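There are 2 protein chains.
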Amino acid sequence: MSESESRLFLVDELPGFTPQIGRLVSMMRYVRHTTLADAAGLGVEQLDYLHDPTSNSIGALLLHIAAVEVAYQAITFHRRDLTEEEENEWNGALDLGDKARRGIRGHDLNYYVKRLEGVRADTLAEFARRNDDWLAEQTPFWGGRRANNHFKWFHVLEDELNHRGQIRWLKTRALRDSA
Amino acid sequence: MSESESRLFLVDELPGFTPQIGRLVSMMRYVRHTTLADAAGLGVEQLDYLHDPTSNSIGALLLHIAAVEVAYQAITFHRRDLTEEEENEWNGALDLGDKARRGIRGHDLNYYVKRLEGVRADTLAEFARRNDDWLAEQTPFWGGRRANNHFKWFHVLEDELNHRGQIRWLKTRALRDSA
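As you go down the protein sequences, you meet chains A and B in turn. Take the first sequence: its position 132, counting from 1, is numbered 135 in the numbering used here, and each next residue is one higher. Take the second sequence: its position 156, counting from 1, is numbered 159 in the numbering used here, and each next residue is one higher.
To be clear, the hints were calculated from the coordinates, so they are not data collected in a lab. Some hints could be false.
Each pair may be met inside one copy or between any two copies, as identical chains are not told apart.
Derived lysine to aspartate or glutamate pairs resembling EDC-like cross-links, with alpha carbons at most 16 Å apart [stated by the list, open to error]:
1) 155 with 15
2) 155 with 129
3) 174 with 55
4) 102 with 8
5) 174 with 48
6) 174 with 135
Keep in mind the model is a prediction, meaning the values are calculated, not measured.
Taking the hints into account, I'd like the entire structure generated from these sequences.
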């Protein structure tokens, strides 16, 4: 078992990160582990499965998870929102809905895993350069209420979990309907 | 705006708790705020809505969220699992599935909110008596791998978020089908 696997059920400090960032990364790693475990083995048919006309596909949800992380890299590391060009690059994954339903199709699981991994590597590299004072920094956020970077990154993982719950539900139906 | 509302987007220390427990409680409060916001306004018909024969109702998911919290109170505060009698009290909410589909029906939203609030009050009272050393305590857990109390309580909130994602998805269909 790798060191990272043996630490999967620990929320704790991590080598290479300041104490609070380490605990946050522990949580993000566990969450990602479960997301990828749920997606493991799915084929293009299941990844593209649309349960009904307003449902998102599992593939679109996976790309959404990566796109949200990119958006919060911009917000917290560079203090800006995604540009329209960047949003277009993600093919509607940030907002989901019709554009994502039309545009995000035909990819195998490896495509989504690579996108997720590429984004995550950037996040961890930026975290490694920062410290707990940065994590506690506050700015006005939703509705003008103050939010710190710790909350903003917690939101990234809580949005992933929200969609992981949907992926689990959709996966059962996608596998059943394609059986 | 109350002090608690003004802190909704902060993951930070909290009065009455040690530093790491405070950050954990910050996250749990935000998660619960979103769960209740998603359930707000739902009637019995929507709470009992079954999308298909293997789907859980929103009511059962809400009771499941409370039951998981009770189970982790037993595991982390009292170092034991729920007894069969306690599991029965929760009417299948811990395991969901058929028993929950049959047994958890006909309650209004207030019933679920009160159950959730009662359980949460116990959790916060127990947290207030403990400290960060307790939160870091490890025991063998899933598959014998070591897990600390911090992870176990993170799991409680991550399971809630997983089901909140399903509640959001089901709610859209429940409201549409009952319109």
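Identical-chain pair category, residue 155 with residue 129, by Cα at 16 Å: Close inside one copy (15 Å), not across copies (28 Å); limit 16 Å.
Intra- versus inter-subunit Cα pairing at 16 Å for residue 174 with residue 55: Cα proximity of residue 174 and residue 55: in one copy and across copies (14 Å, 14 Å).
Identical-chain pair category, residue 155 with residue 15, by Cα at 16 Å: between (19 Å within a copy, 12 Å between copies)
Intra- versus inter-copy proximity for residue 135 and residue 174 (alpha-carbon distance at most 16 Å): For residue 174 and residue 135, neither the intra-copy (38 Å) nor the inter-copy (38 Å) Cα distance is at most 16 Å.
Copy assignment of residue 174 with residue 48, given that the CA separation must stay at most 16 Å: within (11 Å within a copy, 26 Å between copies)
16 Å Cα threshold - placement of residue 8 relative to residue 102: neither (37 Å within a copy, 35 Å between copies)
The structure shown violates the earlier hints numbered 4, 6.
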